[in-house]
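**Student:** Starting from the given sequences, assemble the full structure and let the hints guide the process.
Taken in sequence, the protein lines are chains L and V. Per the numbering used here, the first sequence starts with residue 1, numbered consecutively. Per the numbering used here, the second sequence starts with residue 274, numbered consecutively.
These aren't lab readings, by the way, just hints derived from the structure by calculation. Among the hints, a few may not be true.
Chain L side only, calculated, beta carbon under 8 angstroms to chain V, not exhaustive [to be verified]:
no., residue
1, L35
2, I36
3, L39
4, F40
5, V41
6, F47
7, E88
8, V90
9, R91
10, I176
11, V181
12, F183
13, P194
14, S196
15, L200
On a predicted model such as this, the values are computed, not experimentally measured, just so you know. In this text, a Cβ means the ideal position worked out from N, Cα and C, and glycines have one as well.
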Amino acid sequence: MPQYLETFLAMSKKVLVEYSRYPIAFVALFVQIFLIIVLFVITSFAFETPGTGQAQTTRFAAMMAYGFVTNIILSFTLWEIGFSIREEQVRGTLESLYLSPTNKFSNLLSRVFAILLWTAAISIGGLLLVSGLVGGLPVNNLGKALFVLLMTTTGFLGFGFIFAGITIRLKETAQILVNGVQFFFMIFSAQVFPFSVLPLAVQDYVSRWLPVSYCVDLFRTTLIGEAPELLPNDVLVEYAIVIAFGIVSPIIGYFYYNWIDRKARTEGTLGEY
Amino acid sequence: MAPETVSHGFGLGRPGWRASLDIVRTVFIARLKIIFRYRLSILGETVMPVVFAAMPILLGTAIAGGSEQQAADNFFRYTNAVGQGTTDFRLYMLLGSNTFMLVSLMLWLIGYWVRREQETGTLEALYLSPAKRIHILAGVTSYTLVRALLAFTTAMALGSILFGVNPLAGNFAAAMGYFLLGIPALWGISFFFGALVMRIKEANAVIQLLQWVLAFAMGIYFPVSVFPAIVRYTAMAFPPTLMNDAMRSSLLSIPSLYGEWYVVVGLMFMAAWSVPLLGYEFFLRTERRIKRDQGVGQF
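**Tutor:** What follows is the structure, encoded as structure tokens:
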């Protein structure tokens, strides 16, 4: 078996064993997502105009729920990679791990693999919950939507690699940065509401410049079965942006991570926290 | 025979109040020094509540068809149905988010303090030192209070500018009074929380989950009176809900869920002395149990 695969399997097993030692954490994660969804659903009831049609309610719920799926994938990818690196720093095992001849890419990927499987289960559960609350969510073009979600996830992995590097460099502060980035995309990539809510200037000067916005837009409008909000007449361009993001982002992320890693080794700061 | 050194601790000697105060001061300064190494964290705590408030504001405007006036009307209709009608949904959300962040920070910081000491292996050493736990905890909780207050004040100022609301328009003095009266209860809850983290260890997950349970129970985005009776009364028995509601009612000039102002003040006084006592007792009991079982060194 190639070394990178062996490393990936061994590290993934280690992560799974660690998770199994903390079962409450897993259950807590699941419940937490449901709570967030219900919190936003109740909040949305507070603003609903009386007499709103069922179709409009369903469409809005779909926008929110499908967008939220991309949000939790981004959130878990950033947190899991960055936080696990931070934990190794605090416990003092990061330096010894990095001095071992293991494959770095497999090492990083294994940190997020288990949580992504869990995220998939959480997403399905969350969507079923919202579907039950609003009387059914629209599901169209499932194959295309899953492809968009796959590209989105690989793109987010690139962000995760960048954050692993940032964690080595910034240490404790990186967690706040993760929070900041997560909420930045939640708002400017309209992950829990349609883009039309954002002021035009924000849409034109911020949202349209973020590849994540196109991922969110394409994923949810594909499932709802309507034209994308950002480029309604150029669906193919949206696909091109999403695919490019899914391929280029992990490459850039990994190069950045390697650069930080080399720098930390040269400066001898790998063991510091 | 080789000389032998035996430690008898303090023997009959007991540290005086100066020494005790010094422990509180030392812990407080040590924590502050650590956090000032990570200044960006403090900035993050200012921005976070504003983002938390922005989400329902944008969401609400979207649901109301993009019109702010319509959103305000709809929100008034909804809150008025439970006797707390207000059109100022921006200030409502900002206050809820800020109070939530204050409570959340106090829990996070205590929980993480315990967890961090466990992970770095210093919790056991701390327990073997002759310092009383109450003084160490007083130092840590004072630090969390300063940090949370800093975040609350700056986030309130930033949010007010960004959302164009004036928090000084209502009864600001009363709101501040309720705010200060609510702090001891938060201290008590953080003792409960510290004990919980010490016991079940999975701090990160527990804190994140409880944070959202808290958001629910406090009614950060809507009045808790929309819940079914059992959930509503459980939420109302929670001191942060009382604090949040009291501040909202004075700043937005809406009736409190708990009744007249003297009822609110009475309940807050009751929570201010009973919750810290119960919290500290719970912490001590948990600690004794852990020491008897596996010891505090395990994580």
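**Student:** Each hint: holds or not?
**Tutor:** We went through each hint and held it up to the structure:
1. L35: 4 angstroms, holds
2. I36: OK, holds: L:I36 within 8 angstroms of chain V, min 6 angstroms.
3. L39: The hint holds - L:L39 has a Cβ within 8 angstroms of chain V, the shortest such distance being about 6 angstroms.
4. F40: 7 angstroms, holds
5. V41: Since the shortest Cβ distance to chain V is 10 angstroms, the answer is violated.
6. F47: With Cβ-Cβ at 4 angstroms, under 8 angstroms, it holds.
7. E88: Not OK, violated: L:E88 not within 8 angstroms of chain V, min 11 angstroms.
8. V90: 5 angstroms, holds
9. R91: Hint holds; L:R91 Cβ to chain V Cβ min 6 angstroms, cut 8 angstroms.
10. I176: 3 angstroms, holds
11. V181: Because about 11 angstroms separates L:V181 from the closest Cβ in chain V, which is outside the 8 angstroms limit, the hint is violated.
12. F183: Result: holds, 4 angstroms to nearest chain V Cβ.
13. P194: 6 angstroms, holds
14. S196: Holds. Min distance 6 angstroms.
15. L200: 11 angstroms, violated
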